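Visitor: Below are the chains, spelled out letter by letter.
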Amino acid sequence: MFEAPSIGDLNIAATLPATLLALGACIFLLVDLFVPKDRKYITALLAAAGLLTSLVLALLSLMNIIEFGSGETAFAGLYIADQFTDVVNVVVLFTGLMGVLVAYNYLDRIGKQRGEYYYLLLFTTVGVMFMGSAGDLVTVFVALELLSIPLYILSGFRWPQEQSEESALKYFILGAFSSGFLVYGIAMIYGATGTTEFRGIWLAVDEIIAQDLSSKYLLLLGAGLTLVGLGFKVAAVPFHMWTPDVYQGAPTSVVAYMSVAAKVGGFAALVRVFASGMSNFVLDGATAAAWQDTMWLIAALTMILGNLVAIVQTDLKRLFAYSSIAHAGYILTAVAAAGSAAVTNEAAQAVAIYLAAYAFTNIGVFAVIISVEKDDSSNTGLDSLRGMSRTQPLLAASMTLFMFSLTGIPLTAGFVGKWFVFKSAIAADLFPVAVIGVLTSLVSAYYYLRIVWLMYFEEGEPQVYIPWPLASAISLAVVGTLLLGIFPYLLQEMAQDIVLAFGR
Amino acid sequence: MPSDFAPISALLILSVAVSLIIVFISRLLGPFHPTTRKLSPYESGMQPFGEAIRRIPVKFYRIAVLFILFDVEVIFFLPWAVVFRDFKLYGLAVMGVFFFVLMIGFVYEWKVGGLEWD
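Protein chains in written order, with my numbering: chain Z, 1 to 504; chain P, 1 to 118.
Each hint should be verified, as a subset may be incorrect.
Each pair of labels, with its calculated beta carbon distance range [what the hints assert, rightly or not]:
| hint | chain 1 | residue 1 | chain 2 | residue 2 | range |
| --- | --- | --- | --- | --- | --- |
| 1 | P | F60 | Z | L297 | 45 to 51 Å |
| 2 | Z | R114 | P | A10 | 51 to 57 Å |
| 3 | Z | I486 | P | F98 | 47 to 53 Å |
| 4 | P | I21 | Z | R114 | 57 to 63 Å |
| 5 | Z | R114 | P | L14 | 52 to 58 Å |
| 6 | P | V72 | Z | M63 | 36 to 42 Å |
| 7 | Z | L297 | P | L66 | 44 to 50 Å |
| 8 | Z | N379 | P | V74 | 31 to 37 Å |
| 9 | P | L14 | Z | L20 | 48 to 54 Å |
| 10 | P | V72 | Z | M241 | 31 to 37 Å |
| 11 | P | F106 | Z | Q463 | 41 to 47 Å |
Covered by chain Z, according to a simulated footprint, are these stretches of chain P (three or more residues, beta-carbon under 8 Å) [to be verified]:
| hint | segment |
| --- | --- |
| 12 | 83-93 |
| 13 | 100-114 |
Honestly, the hints are just simulated from the structure, not real lab data. Treat the numbers as computed from the prediction; the structure is a model and nothing was measured. The beta carbon of each residue, even a glycine, is placed where N, CA and C say it ideally should be.
One chain only, chain Z, in its complex shape (with noise of 0.2 Å):
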């Protein structure tokens, strides 16, 4: 006889920021409905407040403050709530605010000032946080939908402009190509195991292994399908073409917003799925587990590509789509870098670490590229930053910091955050991926700091349009790359008590 579980048994206290963010956005959409056009700055402030009481809820559990519900899983083990789940809480929903902020006056000069902006941006907070949190291939998957669909209709907020529309139906055509595979991967991981859930998976692949079943062939598959599916979710080469074409069409606060958001619930993901559930999987005596090799490769691909196609590139939404996809790279090395079993925990807090760092300064610039891009949409070119620091020296110094910080120069977030991903590499014995990750760097140099020098050495006249939510940003973007710089152990504090890898 089946028996039910009680409410209770949910631990639904455990989700609070995330669930409480999903009702909140619920609530806000019938809210919006009544809202008159010409006052939807009630459903922005909504969905701020909203997230910001999540922010500080997700900040108070990271902190150890209060520990929400009993013990650390939720919905029967769909839902994990550990220190990995705070961290991406965190870096998530203050991406959140920083959309909302850099939208709002952005929207108006667009002329899309709708209600459906912000909490569609919930939607996709919340699916990143499930993501962030999953403790089952089956919430990986639900979330990765809710993660991306909102943000489908995000790129395409700007019809009937047809750059906007052709970036909408790229990205959703792709990315519902990369849904299929990751069901299919899940389905033989299922299939090889048993079971969906990670440490389930975790304990079949320790006794598939022991006993040499055949089934290990369909786990490989299953794992290189599952990389392929969350591959083109964080911009991964080869899985990399669709966003240079999306990054440049959809409206540049959603840019903002979503090459952020959608790479922290990717890498989320990817360290849960393998990092957690497959770190043992350990082929013919090998010393790391057998998606090591295909990941650190994929990582050196990415980081190659991304940093030479940047240098070409003369649009700076081209130019940071393909800085985004370089950045994956780095990140990869660390998720490739957990695959040595004596590794797991340090590579995944470097993730964390790399993402929280990449956060801050990736909104920065997109806010910097929103300030100076006119309202058809035009501007966007190399050029339109040309002599800043003579009419804006205040932007031109913070454009300045976000460039050192992406180059990874010392003293700012994006340093602390490569440290930390070569430190895991190099702990790894991953040498190679590690001197190409460094070489790359100096290569991307080139790229950011020809910026600084357009803006400092060069004559020009640009016209930006900075209102105070922007502003705000901006200020909250240096802030956030300084102090993390500055102060690294606040990100190593935060990060070390992040224990992924199951024990024996």
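Given chain Z, put chain P in place with the hints provided.
Guide: Using the frame of chain Z, we list chain P on its own:
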């Protein structure tokens, strides 16, 4: 265990084999005198005109998408209703959450005028 899937693969092979055999047996044993009339898409006299893909008002697509809302509802409600007694209050609460989320979508499409034809 992969061996558990043996019956499925047997079924797969069997169904492919049977369909191939049926196609080829009728070709081998039956008389075969092709004419233009026989090979045309509609055999019984109609002259084919135009293309199969025609322009359809986009409203029909919208109705089809909106229909999914109720479609999903029925798909989930039916099995739930069958085992409703076993789930007790828990089942009611879970279905309540599902229904709440679904109804939000319904209210939205109603309020923005998605259900109106013109």
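Visitor: May I ask you to test the hint 41 to 47 Å on the CB atoms belonging to F106 (chain P) and Q463 (chain Z)?
Guide: Because 46 Å falls inside the window, the suggested range holds.
Visitor: If I claimed the Cβ atoms of F60 (chain P) and L297 (chain Z) lie 45 to 51 Å apart, would that claim hold in this structure?
Guide: The hinted range 45 to 51 Å holds for F60 (chain P) and L297 (chain Z), with Cβ atoms some 47 Å apart.
Visitor: I486 (chain Z) and F98 (chain P), beta-carbon distance inside 47 to 53 Å?
Guide: The hint (47 to 53 Å, Cβ to Cβ) holds, given that I486 (chain Z) and F98 (chain P) are roughly 48 Å apart.
Visitor: Taking 31 to 37 Å as the stated bounds, is the beta-carbon spacing between V72 (chain P) and M241 (chain Z) within them?
Guide: 32 Å, holds
Visitor: Okay, V72 (chain P) versus M63 (chain Z) on CB: inside 36 to 42 Å?
Guide: Between V72 (chain P) and M63 (chain Z), where Cβ atoms are some 40 Å apart, the hint holds.
Visitor: Three or more residues of the segment 83-93 of chain P near chain Z by CB distance under 8 Å?
Guide: holds (count 8)
Visitor: Between N379 (chain Z) and V74 (chain P), does the beta-carbon spacing fit 31 to 37 Å?
Guide: With Cβ atoms ~51 Å apart, the hint is violated.
Visitor: Does the Cβ pair L14 (chain P), L20 (chain Z) satisfy 48 to 54 Å?
Guide: Between L14 (chain P) and L20 (chain Z), where Cβ atoms are some 53 Å apart, the hint holds.
Visitor: Are R114 (chain Z) and L14 (chain P) spaced within 52 to 58 Å by their CB atoms?
Guide: 55 Å, holds
Visitor: Starting from the hint 57 to 63 Å, judge whether the C-beta atoms of I21 (chain P) and R114 (chain Z) obey it.
Guide: Hint holds: Cβ distance 59 Å, inside 57 to 63 Å.
Visitor: Take a look at whether the Cβ-Cβ distance between R114 (chain Z) and A10 (chain P) falls inside 51 to 57 Å.
Guide: Because 55 Å falls inside the window, the suggested range holds.
Visitor: Has the segment 100-114 of chain P got at least three residues whose CB is nearer than 8 Å to a CB belonging to chain Z?
Guide: n = 7 at 8 Å, threshold three: holds.
Hint check: a violation occurs at hint 8 only; the rest are consistent with the structure.
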